[in-house]
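A.B. asks: Could you put together the complete structure from these sequences and hints?
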Amino acid sequence: MRGEASYKDISHWIKKPVTKQQIEPLCNSFNISPLLASVFVRRRITKGSDLLYYLEDDLRFQHNPFSFNGIEDAVERILQAKEEGEKVLIFGDSDVDGISSTAILYEELVRMGLDVQWRLPLDDDGYGLNLQAIDDFAAQDGTLIITVDCGISNNDEIAHANDLGIEVIVTDHHNPPENLPEAIIIIDPKMEDSNYPFDGISGAAVAYKLVSALRFADTDFYGAEICILELTENEEEGCVYADCVKIKNLVKIKELHEKIIPGQTSIYDLKLPYFLQGQLIYSWDSKKTLNILQGLFGRGIEFNINDLRNEISRVIPSVQNKSAAQIKALSQIAKYNDQETSEIESIYNLYVTYCKKVIAQKKPGQIEAEQKDLQLVALAALADIMPMKNENRIFVRSGIASIKKERPRQGLAELFNKLNINKDALTSTDLSWTVIPALNAAGRMGKSDLSLKLLISENPREREQLANTIYDLNEKRKDLVSQACYKVHDTAEESLSRHSNKLCICVDQCINKGVTGIVATRLMQDFNVPTIAITYENEVCTGSMRSCRGFIATDFLDNMGDIFINHGGHNFAAGFSFYKDKLEIFLNKVQAAAATVELEEECSDIFVDAEIPPEHLTPENFSLMETFEPCGAESPELVLMTRNIKLIDTMVLGKKEPHHLKMIFDTGKHKIPAMFWGQADRLKKDISIGKKYDILYNMSRNYFNGNVTKQIIIKEMLPSKGEI
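Each residue of the sequence shown is one higher than the last, beginning at 0 in numbering that gives the first Met the number 0.
Errors might be hidden in some of the hints.
[Stated by the list, open to error] Estimated spans, in silico, between C-beta atoms of each pair:
1) 433 with 509: 19 to 29 Å
2) 508 with 421: 34 to 44 Å
3) 689 with 509: 50 to 60 Å
4) 232 with 362: 38 to 48 Å
5) 84 with 362: 19 to 29 Å
Derived from the structure by calculation, the hints contain no laboratory data.
The structure displayed is predicted, hence computed values, not measured ones.
Heads up, the beta-carbon is just placed ideally off N, CA and C, and yes, glycines get one too.
C.D. replies: So this is what it looks like as C-alpha cells:
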C-alpha cells in the first residue's frame, strides 16, 4: 500500500490546529457544534456559500437552469420543433452519464409529444456524434439534433449536419476545445460565457437543467417579467434608498440601487422611472411604498404598484403580517450569504420559493418526474466522479433519498433486484461500486443501448430480461479487465523508465476497447503516475488516459496535434482514437513530452479531520459522518483519530485470505464496534485485547438483517504511549 509508512508512524497523522476565533463564528452563524465547525475549518470550508451544500438538502438551493446563457433559446427551439412536428434526435454517450442524460431528455420530450428518437455509440462507433448517425437521421428528414454528454468537440460532424440542413443543440459538460463547433446553441457549464455559477456538474445534470427549463416553460411564470421595488427610509442620513430588481424566469436580469434625498432629488434626475417603465411592479408593502413615493414626489405622479405580500401569503400564510425586515431576519438562505443580505434580496428569494410552491400545487406530475430524474443525476455525478460539492451534493442526496422514500425508478428497480441491493440501506458507495459498474458494462461491451432501454422501457418483463443481460455483461467485463491487467502489467511497469517515471503507457490488442479506461485506472493506482492504455482494431487505435497528482489529461492530449480522429474528456479522465499508422508517431510524442511532465509531490502525511477523545466517541457524534455524506471527489471520507482507547474484544472474520478483524472498543459509556480489513495476522502480534491504542478511522454503518449498527472502519492502530 502506498503511504503505508505514514500510517504506521503517528507523527505523520497531522491534525491542523484551529482556533476558537475560527470556530465560534461558524457555530453562532450556522448553529453547529464546535466539533463540526472544527472539521469545516480544517477542510477550508468556511464560506456560507460552500457550507450551504453540507447543511441543507432542499432542492430550492440548486441553481436556476435559466442561469445558463442560451437555455431559453434552446427551450424556444424545442417548442418550435414540437409546434411544427419536426423530427428530433437525441444523441448521447455510451457511459452511465451519457445514458442517464439521454433517458432524462428523451422521457421529457416524449411526455411533451415530440417526434423524438435516440441514438448512442455502439460497437465500433467512436466517442461523440458521428457522421453515420447524421446521415441516417437526414434520410428520415430529421431537422434537429440535441447532443447530451457529448458534442462540444464534434466540430466536423456538426458542420456536416449544418450542410444537410440539420440544426444542432449541444448540451455537454466536457472541457471545450479552443475552436467550438458551429451549433446553433451550446450549453456547457465549462464555457467561459456560460454564466452558470458552478462548472462541475455532469452531462446528466446539464440535460436535467434543460428538462427543468422545459417544464418551467409549461407554467404561467415562463417568460413573464416582473419588477420588485423596495424603498427604505434612513432617518439618520435623511434619505430614502430605492432598490429594484427585474426578474425573468425567476432569474435576476437587472438591478438598480439609488439614493433619494427628499427636497433635493428630482424624479427627473433618477434612473428609477426609466427602470420601471413598462414593468409589472410589485412591492412587499405596496401601500407603504406608495406613501413614500408620494411624500417624495407629490401626488401628481402615478405609480401602479401591486402588493407582493398579499400575493405570496395566499400560498405561504405565515408571511401575512411580516414586514420586509422580518422577512429578511427569517430568511433561511440569507444566513449563507457571505455578505450582508438586503431586504429586497430576501424578498426575491421568497418570491422564487412562492413560485415553486405554486408550480408544485398546479403541476404535481412535474415533481414526480423530477424525482425520477434526480435518481439518474445522482448516478451520473458519482459515475463521472464529479466534485462532491456545491449542488452535486444536493443532487446525490436527493437522488438517494428518492430511491429510499419513494422507490427506484423503472429500470433501476429491476437492476437493484438482480444485484441484491437493499434500497433502505443504500449509500453512494453502493451506487459507485455495484450499480454504476453494471450499467457501464453494457457500454463498455459495445451495447450501451441495453442500459438505456432498461431505463426507459415501459414493459416490466423486458426490463427484467435486460437487467439479467446487463448483469451477465458485467461479469464478462470483470473477466476482461482481470485478464488485460494481468497481461499488460509488466510491460506497463517497464514503460515507466522510458517516460522519466512520470508516465505509464501500455499498448496491447488484448485489451478490449471498452475497458481501456478501467485498465488505465488500475495501472495509475498501481504506479501513481498518469497512465495511458491503448488497444487497436480494424486499423483504429482507441485509448484512455487517467491522470493524477495534478496533471491535466486533456491539456496533455491537446498538445498531440492532428493525430487524433477525436479526443476529449475531463481534467483527469480522457479518451481518444487515431488511425493505427499514427501509433508510432503518438508514442514518440508521448515519450518526448514525458521529460517535461510536472507532477505534484506525494505527501506521506495523513491529514486528520478531528480528534475525538474516547468519552466523546458516542453514537450521537456519528451525525458528523452524515453531514459529509455523500463523499467523493474533493470531499473524501472523514479521517478521525482517537487516542488511548481500550480494545476489549476481537474476532477473526473471512473465509479467504486475508482475514479481517472485528473489534470492540470501550469508551466508558459505550462499546464501539470496529472493522480492520485484512489485518487479522496482526492479532497477538501488535494487537492484543485489553491494551489501549491510538486509532485512525472512518465512521460507517453496518446493515444486517434489517438492523443498523454504527461502527468505525480502522485505517491504522498503534499502541498508545505507555502500552508499547
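A.B. asks: Tell me the numbers of any earlier hints that the structure contravenes, in ascending order.
C.D. replies: Violated: none.
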